[in-house]
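S.K.: Residue-level listing of the chains:
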Amino acid sequence: MAWTAPKTWTNEPLVATDMNTHIRDNLLALKEPPTGHYEADEGSNRTTTSTSFVNVDASGPDIDGIFRQTLVTNGGDIQIHFHGNVHGSAAGDMVFLNVSMDGAVLALNDGFIGIICATGTNAPPGNPIGFTRLITGVSAGSHIFRLMWKVDTGTTGTMYTGAGTSNGDFHPQFWVREVS
Amino acid sequence: MAWTTPKTWTNTGVSRGELNTHLRDNLLALKYPPCAVYAIQESSDYSTTSTSFADINATEGKFQHTITTTGDGNGGNGDVLVTLNATLYSATSIRIYLRILMDGAVQNADDGFFVSEDSGMRPASFQVLIRNVTPGSHIFKLQWKVSSSTGFLQANAGTSGRDIKGQFWVREAS
Chain A
1 MAWTAPKTWT NEPLVATDMN THIRDNLLAL KEPPTGHYEA DEGSNRTTTS TSFVNVDASG
61 PDIDGIFRQT LVTNGGDIQI HFHGNVHGSA AGDMVFLNVS MDGAVLALND GFIGIICATG
121 TNAPPGNPIG FTRLITGVSA GSHIFRLMWK VDTGTTGTMY TGAGTSNGDF HPQFWVREVS
Chain B
181 MAWTTPKTWT NTGVSRGELN THLRDNLLAL KYPPCAVYAI QESSDYSTTS TSFADINATE
241 GKFQHTITTT GDGNGGNGDV LVTLNATLYS ATSIRIYLRI LMDGAVQNAD DGFFVSEDSG
301 MRPASFQVLI RNVTPGSHIF KLQWKVSSST GFLQANAGTS GRDIKGQFWV REAS
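Chains A and B are the protein sequences, given in the same order. For the first sequence, position 97 (counting from the first letter as 1) is numbered 97 according to my numbering, and the numbering increases by one without interruption. For the second sequence, position 79 (counting from the first letter as 1) is numbered 259 according to my numbering, and the numbering increases by one without interruption.
Bound conformation, chain B alone (with noise of 0.2 Å):
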């Protein structure tokens, strides 16, 4: 539901438009605010061996999500709430970084937000907010890059004792 900018009210008479507009369509906007939620679950795991940040899956619906904003409410800019809830793999020691784009501007410089150096299996969970976001479309995207050698992001296909469902989703905040 979209968002209007609640109408300040004076001494007038009342129209049901008014109403529906500024408090059942808002009621509604800030129960149901803009969303979208990737559930990681693909017949093979995620890798990389890009030392430079790349895309995961820049699939509308993976990691890119699409979303339209509605600001602060009051014809200002809004915030949003990126969430990652993974597990990553590697054979051996290595470095797996990620970083979030917002419209192809990077919104976490040099390494990223979020690094994680260790052989095996570990969790990558994090919620970045992203404030002062403009009213309008915006693309977010997930990328990551590695130190060496070879990082698995683990998507539910099946690898034994890696057979992880993991999340990636965008949800406007306020």
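Looking at chain A on its own, in the form it has when it is part of the complex (with noise of 0.2 Å):
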């Protein structure tokens, strides 16, 4: 349900389109927000090379409501999060997180969160990693939001995605949340 600007009421007779603009429609409104959600339930698990920012999608498919998620917004602030098992190919070996909204990464550099892979978890169950983030002053509109992803010079890093491997049959979740 759309979001309308609270009316400010005069003297004037209470209509019922007035009653049920600004009250009905904006109480759901605030019930139901613009919500994307996914939990990974896939036949294979998610591998990255790529030293640069990618997302996690790259390799398709490359669809909305994976770890692409497309909101209508009212204006306001978002929340994101995600919550998984990586690791990359060796000990030592690091894999970071960031998200894009429309085309541009939210956080430049190393992203949001990185890990550093410890000995002897480079294979199930990897490591956890996850983040709760608040994009505040996003603007009325449709916005496209996507988990990216990169790792560091040699490294293969795999993001458990429910794929049946024996101890790493992890199913993370990716959404995104208008909140205010």
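Some hints could be false.
Claimed, not checked - Derived lysine-lysine pairs resembling DSSO-like cross-links, with alpha carbons at most 30 Å apart:
(1) B/K187 to B/K242
(2) A/K7 to B/K187
(3) B/K187 to A/K31
(4) A/K7 to A/K31
Treat the hints as calculated values from the structure; they're not laboratory data.
Join the two chains, each given in its own frame, into one complex according to the hints.
M.R.: Have a look at this one:
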């Protein structure tokens, strides 16, 4: 439901359209804000060797509702969340996460969060990693959010995505929600 | 926008003042709750060698946020979300502990609510719901300690391979 800036009431009769727009519809907009959510249960885990940020779904499918979420927002703040398990190809390998909004990364350099994969964790279950990020002042309209990642040189990064890997059959979650 | 305990309507005329206060203003208060955000970006990464809890940075707007909450909307207490999304580092395997204070009172006793034991770079992300917060102004602070040696919190300071921009935010949830 779309949000409408609440009316400033004056000395006028109450009419049904005003009540429906400013009370009914706005309450519904608050109760059910724009949200995009994905819980991975895929046929194969995601991998990357890119040392610059690329979309997690760079290997496909490039469709909305997976690691790409499109929201039509009312203007305000957005909460972005990811949690999952990753590993490199050897101890000391690094994995970094970021998000882009409308094609622009939200954090430069090494992104939102990173991990050095310790000895013994370059196989299932890997390393837990996640974030909950608040993006303020997002303009009203349609916005595309994409989870991105990169690794350091020589690393093959793996993200478990519910592909049935023994001891690594994790189902990460990526969601985006307007919170004001 | 300030919240006003919603009026209990009776069979009386409705005035514009009441509609503005109880509908317009309260809708806006729900849409834009009290919130404070720190995008962690400094000229140098944070570091500590303290083995007892200490402020990371008590400057208002950094790892200290003051918000004025409105409670549960009916004169009672409400809930606040405290969120950290950050990356820690140590050169050797140590423990780095985190805890939250509200108005100077420790919210997580003993060794806090989060500990990371490892060497190298690792994530520190959590969201803590603090319940029963009275309406009014409250100060939220993040503190840390280490088991030994030096612990770091990356601050987008240009450190090669660890140039990461974390976030610390506080928001009224109800």
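S.K.: For each hint, tell me whether it holds in the structure or not.
M.R.: Now the hints, each set against the structure:
Distance hint between B/K187 and B/K242 is unfulfilled; the C-alpha atoms sit about 37 Å from each other, more than 30 Å. At most 30 Å may separate the alpha-carbon atoms for a hinted pair to count; A/K7 and B/K187 meet this at roughly 18 Å. For the suggested pair B/K187 and A/K31, the alpha carbons sit about 20 Å apart, so the restraint of at most 30 Å is met. Restraint check: the Cα-Cα separation between A/K7 and A/K31 comes to about 19 Å, which is no more than 30 Å; the hinted pair holds.
Of the hints listed earlier, the one the structure fails to meet is number 1.
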